[in-house]
Every structure is written in C-alpha cells, then in structure tokens.
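Use the sequences and the hints to build the structure in full.
Protein chains: 2
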Amino acid sequence: MPDETRRPRVVIVGSGFGGLACARRLNRQPVDVILLDQHNYHLFTPLLYQVATGLLNPADIAYPLRTVFRHSPNVRFRQATVAGVDLAGKTVQVRGGAPVAYDYLVLATGSTDNYFGNQEIAEVSLGLKVLPDATRLRNHVLSCLERADAEVNTDVRRALLTFVIVGGGPTGVESSGALAELMEIVAGKDYHQISRSEIRIVLVEGLPRLLSAFSEHLGRYAQRVLERRGVDVRLKALVKAADEHGVTLSDQTSIPCRTIVWSAGVRPNDPTGTPSVPRFRNARIKVDGWLRIPGATGAYAIGDVASPEVGDQRQLPMLSPPAMQAGRYVARAIVDHVRGVTVQRGPFHYVDKGTMATIGRNAGVTHLPGGLEFTGFLGWLTWLFVHIYYLIGFRNRISALGSWAWDYLRHDRPIRIILATGVEPEQAPSVASGSTRKMG
Amino acid sequence: MPDETRRPRVVIVGSGFGGLACARRLNRQPVDVILLDQHNYHLFTPLLYQVATGLLNPADIAYPLRTVFRHSPNVRFRQATVAGVDLAGKTVQVRGGAPVAYDYLVLATGSTDNYFGNQEIAEVSLGLKVLPDATRLRNHVLSCLERADAEVNTDVRRALLTFVIVGGGPTGVESSGALAELMEIVAGKDYHQISRSEIRIVLVEGLPRLLSAFSEHLGRYAQRVLERRGVDVRLKALVKAADEHGVTLSDQTSIPCRTIVWSAGVRPNDPTGTPSVPRFRNARIKVDGWLRIPGATGAYAIGDVASPEVGDQRQLPMLSPPAMQAGRYVARAIVDHVRGVTVQRGPFHYVDKGTMATIGRNAGVTHLPGGLEFTGFLGWLTWLFVHIYYLIGFRNRISALGSWAWDYLRHDRPIRIILATGVEPEQAPSVASGSTRKMG
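In order, the protein sequences belong to chains A and B. FYI, the working numbering numbers position 228 of the first sequence as 228, with every residue one higher than the one before it. FYI, the working numbering numbers position 410 of the second sequence as 410, with every residue one higher than the one before it.
Because the hints were derived from the structure by calculation, they are not lab data. Keep in mind that this is a model prediction, so the values were computed, not measured. Keep in mind that a hint or two might mislead.
If the Cβ cut is set under 7 angstroms, some of the chain A residues that face chain B in the computed set are [to be verified]:
no. : residue
1   : R70
2   : I415
3   : R416
Using C-beta positions, here's what the derived DEER-type ranges look like [claimed, not checked]:
no. : chain 1 : residue 1 : chain 2 : residue 2 : range
4   : B       : F116      : A       : A101      : 47 to 55 angstroms
5   : A       : F385      : B       : R95       : 23 to 31 angstroms
6   : B       : A101      : A       : D251      : 42 to 50 angstroms
7   : B       : L235      : A       : A405      : 48 to 56 angstroms
8   : A       : P208      : B       : A101      : 41 to 49 angstroms
9   : A       : Y390      : B       : L401      : 46 to 54 angstroms
10  : A       : A83       : B       : S197      : 33 to 41 angstroms
11  : A       : S195      : B       : H337      : 29 to 37 angstroms
12  : A       : D336      : B       : Q193      : 28 to 36 angstroms
13  : B       : P99       : A       : R410      : 34 to 42 angstroms
14  : A       : Q193      : B       : Q119      : 41 to 49 angstroms
Which bits of chain A does chain B cover? Going by a derived footprint, with three or more residues having C-beta under 8 angstroms, they are [stated by the list, open to error]:
no. : segment
15  : 33-47
16  : 75-86
17  : 220-228
18  : 296-303
Backbone N, C-alpha and C fix where the C-beta goes; we use that ideal spot for every residue, glycine too.
Structure representation (structure tokens):
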C-alpha cells in the first residue's frame, strides 16, 4: 500500500474527452490529481456546430469542471495555460505561475485547426474547435445576413450570402446541414428581402466523396441529403487560396464569399516541444502500445495529441471514443503502478463501437462495427440518444433535449442574437487587467 | 385617409422597452416603420444581473427583433449604429450607411452608465446596462475566484475575493443579493480552498438608505435581508476614487478589491447633440406634455432619454413602465396625426402600477401605488410572475422559468462558464473585417 502522507501526483493536461475520462477514473484512487485546462469547462465539441447555428446555448455544451469534481476528495481542477512540459524534469510549466511537478503525466491536449502552413487561409477562416469559435461563427453569419439586408451592391450582397465550408468530414457535413436549416428558417421570414435562392452554401472536399471515415454508401447518402437541402457539394476540390474577398479552388473556380468555415484538418496541440520524442508525420506523438511517451518516465499521452502505431503505420482515429477509452486505460495503468501490481496490463486496445454524424432534421448516418449501417430517421435518432447520453450533467441534457424538441416541433433556431462579449478579462480595460498584470 | 402609395415613415431609434412598445403599437397601422438599434435583439434589462451571476443564459433575456416583427407587413428592423440626428433636416445619420429620412421620429435611445466625469472610476468599473456587460461580469467574477484559488499572497487573494457594488438602487440591491447567492453555492464547494467568510461583498450607497425610490420600510427590509446574507451595506458613503487596486470611500475607508460594479447613476444617450433642444440638468431632453421635442417637427422622445416636466420641475422615473406607456402613447398620437384626427389627444399621463425588486431567494419587495407593500416570499413571487409575463417569447419564458425552478430546487447557478467570445466581428481577424472595411 502507498504511503498515505505523500501520495503520487498525477497531472492531467487538458480536460477534453480523454483527460476528463482519466480524471474521473482516478477519483477516489490513491493518487492526487491536478487537472489543468485553459478553460474552466469541459466542452462537448461534437455539438459546437449547433451553438454556431443558433440552436443551443454555449452553456448547454460546456460543463464547469469544478462542478464535475465538487465531491471528489483527490481531484483538483486548476484553470491554467500550459506553456510547456519538461519531460526530463517531470514538471509542467504554467503561464504566470510556478511549475507543477508530477509523478505521472497524462498529456491530453487534443488538437487544433491545421491550415497546413497557409497563413492567409488561417487569417480569413473561422474554425470550429473551441467554444468562442462557435459564438464567433454565429455572430458572423447573422452579421452577414444583417449586412446583406442593407446592401445595395449586388456583388457584395451575393458574397455576404455565400458560405463556404471546407472539409467534408463529420464537422463539415454537420455544419453545412445545420447552416442550410438555419437559412431555411430565416430567409424570406426574418429577412424579408433575402430569398433562400440567393443564399449559397458550398461544401468543399478534396476526396471523391464525403465522410471518408464512413462507408461509400453513407458518404453518398450524406451528399444526396445535403444537395436536396440546397448545399452545393464540391468533391475532388481543394481550397488553394483564400482572402477577404473569397476562395479559389484547385480547379481555378473562384467563389466570392465573406464566410469560410475551416474543418479540413487538425494538428496536435503538443506542448512538449522536445525533438527527442518520436512523432508521426502528422506530428502526433508516437506512444508505445501502453500509451507511454518513449523515453519519458511516468508520462502518457492520449487522444488527438498522440497515437500508438496500430498495425501497418496506422493510427487511432482522432475521435472522442478512443480518447475516452485511452483515458480510462491510463488511469487504470497508473493505479496498478502506484499499487505495485507486478503483472503488466496488456497494451491498449481500442474498441470501435461505431461512428455517426447527423446531416440535419430526420437525417443521420450511423456506422456500427459489424458493418451495420443506418441512415435517415433511424440514423438521426441514434445520433440523438447517443449525444444526450454523453452530455455531462442532468441540466445540460434537459436543456439540449428541450432545444432539440423545440427545433423539431417549431422548425426554429431561436438563439439568433449577435452577442460579442468583448475581449477577455485579461485584456479588458477593467479592474481585472490591473490584477492580472500585478499577479502575472 | 392617407395616400397608400406614399405612407408616412416613422423612424424609431432604439429598441428598448419604449421603442419596442411603440413599434408594436404601430404594427398594421398606415405608416412604414423603421426600427433602428445597434443590437439585433430587444434586451430585458431587469434580468441582466441574473446573467451576470450564472443563472440565466444571455439568450434567455434577449429576443431577436426580426423575429418580433416577422409577420408584420409595415415594421422593418435594421441593425445600425446611429451617429446623429438632424432634427431640422428630418434625417437620422447611420454609421457606414446612407442617412434615413423620417416623417416622424421616435427617439428612444435610453441611457448609459454615468460616472459623473470620473474617468478613472469609469475605466476600472464594470457596468450592467447591456448584454456584453453581463457576460463580462460573469467571466470576471469567476476569473477572480479561479485566481484567488491559486494565489499565495494573502493581500492579493483578499482583494480578488472582494466585490464592491456601487449604488443601492434596484440594480445594486439585486446584483449584490444574487452575487451573495452565487458565492454561497461555490465557496467551499467548487472552490474547496475558498471559504464564504473570506469573500466580501460590499454595497455602497450615498443616501441614508437603500432603494430610495421605495418606502423607507422596504429599504430597511432590503438592507436586513442583504446583511443576513452576508452583504456589507455601507450607507451615506460615496466612492471618491477607484483604481485597479480598489476603491476609496468618502469616509476615507479604502477597500482593496478587483471588482467594482457600477450602478450608481445613468445619463441619457442623446444622439441629437443640438444645444437648441431644452434639457433638464441631468441632460434628459425636456419634451412637452405630448412628448414632442420642442422646435422639432414630427419628433418625439420617450423613455430614459427624455421627460416632460411632471409637476414641480420633477421628471418621469427612468424605468421601463413609463417608457412602455410613452411608446404606446406616441404611436397613437402619430396614427391620429396621419389619419388627420383633428381633436387633439390629451397630454401623456404616466400610470404608476407599482415597482418591485428582488433581493434573492424568497425575498422581494413590491410597492403598489395605493401604498400597499409586500415583502418576503409574496414580494418575491409577485416579482417572479411580473417578470415572466413581460419576457418576450414563449421560449424565453419557459427557459427562464425552468432556470428559476432549477435554482429554487437545487440551489444552483449552473452557467458558471468563463466564455469570452472574442472581439466583435468587425474587429476580428476574420473574413468579416475585410467585408466591413469594404462596406464601410
């Protein structure tokens, strides 16, 4: 049994699906857990696009982390921006604070948008990875409609009413479907002068079909549904350039627009910055079969930031289920180690329980591991129940379910407010700025 | 009967309680109405403090104006920032757009925080007048708790946990009560290291009692309830100076703090900028008994921005009921004029139906015009039903009622997320900035 007076400290960096699952599994285990995240909430990222399109409130998909661990005796959350990790010195550097030493590290820092080095595209695109992205996109889309309504120049008006979504994976498919539904609700109604036919939603995908992680059948189905709902699907097309006037595709088509939503790629958020750590070509940390960072004692990496080699140079998918399973696996491995269990646990094995996406009202796709597939209403219903199940907190579930019922019955996306909450407290000309500067 | 081919145009500036009531009353009347506001929603300002303290979502108290007038044939909303009003030329200047000509003007631009010329206090204080104020205050208060939790310097920690509310009117009383309830919920629970006794909430009021618009009895009651809930009420005290380290009161007490909420005064938002218009000493436009701006044909002013002289140099209170009544009165007067009604309507008469405030759970004060007063549970219940009744939109009512029920039963303020949605689209490094610059 471990010495109760000095329990090993586990530092978990990141409170996404992987980090949170790990911290929850370590609750009431003989370790002290410090969970670090730059935000004070766990974010249910698969529903970001519903915040962006006015269906859900931000708080419906964000759950305060301190509340999750309110009754936990050994898990502490701390809001902090991690500036670096010293794998040799076993410390995590925190911006504006003292370094945090660890006995065990769980790196679960996820991923961020990848613009593949194209700074110009990065500057004019809106991502959809964090909560402020979603409210910013909502503000932006509604502002475009407001401006188009008052615009007399037809070219500018057309560009304001053109929305380009880049990337035909689940995020791109779900976002364009939801955007089409929003436009159906407001065009000709809230905006009397704007007809649905003037609004263009373009979904750009480099591969020959949508949803390449799913079967060809499901990809074609998603395309048919989107096209029926008025989305212009461009396959085998890449965005070559983008600026404030619009995008240029690889086939030289240029599309004047004021909105570019980027969902065409992610790259790992890796704070270690150590060249000695082995990495895949896409920059994910190449952990061993037990999810340990090679050469770093006590350090694990899970989720989007890392993968073991799975079979022939392949990786785990960058999705929430492998992250959650890995989080729980690592928690058990740490407890084994602390308890001095001598029989080593087998390597991590990801169990694929299926993947799903929704294209909109009554239309979803679900792929189950046995090869079973649902589309349409059944696919949509499965999506709905799985998402309700995984939302954290009773209130968030009730609130999201209420919003979805409202949308389903009333065909409404009610949260159509343009609300910029201003700069972050640290930068605001308020008392906060003073205190931060002093405390920094 | 008016000529149907050229209907008189009514321009309403501001969509608060007065402007909205006027626009609604002009629905389906023989005029074309243009409603201008810098925000795309009507804001239910009396509940801002509940957004600031994590009980309601911003969208619960903000209702999209286009949705209000979705089925209206003659009322059009336009999101625009009014830069000025030319009363002689009968046009409204709009930032980044062509001037809007009017036949009738209804100036309903409300009021903004008044720091009485003290720029230093203005810079370090947080107001509570618009929706971004409320989310900013929520972010700020929660950030102070996060920082205090990690702070080792006891002086800094104490300042981070001190919240000063300036002004003992309804906003100040309601804010300090709600803040005390929020602290009760999180201290020692979400924040294990912070005890309630370390947290100081100070309410500063210059007069000898709180709620001076109510009876002395109700003011004393509010004070007792607040003090019982741990609020330090300082009467006959003014804030003389404030900076990023804290405030100094008129009795030379200095209170180190990082949060100053300002609710000690408002001044009218007057875009006319014409010295020829008569004004009260507090800068409100002095309209005639029919709410017309003297010397300006077809121009009315209602709500916080203006008042007729009521009796002996007195003014209408700066509250929503007189604004709403004035909005409806002016709408009727305009329709009379358009229809060529020759018998002039009598001057505007404000009917006081009572005022109310809530100090928190089970504790409210209600004053009815006959001198009837309620306190405690009954005062709180009255407050609750009146506020539900006046919230716009079935969904907002359901959502607010649900949140209040949740709070009542669970003692919870669940929306404890720190969410800065970034700068406004116009300033963001996104596609929007390009389009705005081009369109400007």
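Evaluation of the provided hints:
The beta carbon of R70 (chain A) is positioned within 7 angstroms of a beta carbon in chain B (closest approach about 6 angstroms), and the interface hint is therefore held. Annotation: interface hint on I415 (chain A) holds; nearest CB of chain B at approximately 4 angstroms, less than 7 angstroms. This hint holds: R416 (chain A) has a C-beta 4 angstroms from the nearest C-beta of chain B, less than the 7 angstroms allowed. As the Cβ distance of F116 (chain B) to A101 (chain A) is approximately 51 angstroms, the hint placing it in 47 to 55 angstroms holds.
At about 48 angstroms, the beta-carbon gap between F385 (chain A) and R95 (chain B) misses the expected band of 23 to 31 angstroms. Roughly 48 angstroms separates the CB atoms of A101 (chain B) and D251 (chain A), a value that falls within the hinted 42 to 50 angstroms. In this structure, L235 (chain B) and A405 (chain A) meet the distance hint of 48 to 56 angstroms, their C-beta atoms being roughly 49 angstroms apart. For P208 (chain A) and A101 (chain B), the Cβ-Cβ distance of about 56 angstroms falls outside the hinted range of 41 to 49 angstroms, so the restraint is violated.
In this structure, Y390 (chain A) and L401 (chain B) break the distance hint of 46 to 54 angstroms, their C-beta atoms being roughly 27 angstroms apart. For the pair A83 (chain A) and S197 (chain B), the beta carbons lie near 34 angstroms from each other, so the given range of 33 to 41 angstroms is met. For S195 (chain A) paired with H337 (chain B), a C-beta distance near 36 angstroms keeps the hint of 29 to 37 angstroms intact. Range check, D336 (chain A) to Q193 (chain B): about 31 angstroms between beta-carbon atoms, so the 28 to 36 angstroms window is met.
Between P99 (chain B) and R410 (chain A) the beta carbons are some 38 angstroms apart, a value that agrees with the proposed interval 34 to 42 angstroms. A beta carbon spacing of about 43 angstroms between Q193 (chain A) and Q119 (chain B) agrees with the range 41 to 49 angstroms that was offered as a hint. Counting residues of the segment 33-47 of chain A whose CB lies closer than 8 angstroms to any CB of chain B gives 3, which reaches the minimum of 3, so the coverage claim holds. Coverage of the segment 75-86 of chain A by chain B holds in this model, with 4 residues showing a Cβ closer than 8 angstroms to a Cβ of that chain against a need of three.
Counting residues of the segment 220-228 of chain A whose C-beta sits closer than 8 angstroms to any C-beta of chain B gives 0, which falls short of three, so the coverage hint is violated. Judged by the Cβ-Cβ criterion of 8 angstroms, the segment 296-303 of chain A is not covered by chain B as claimed, because only 0 of its residues qualify and three are needed.
Hint compliance for this structure: hints 5, 8, 9, 17, 18 are not met, and every other hint is.
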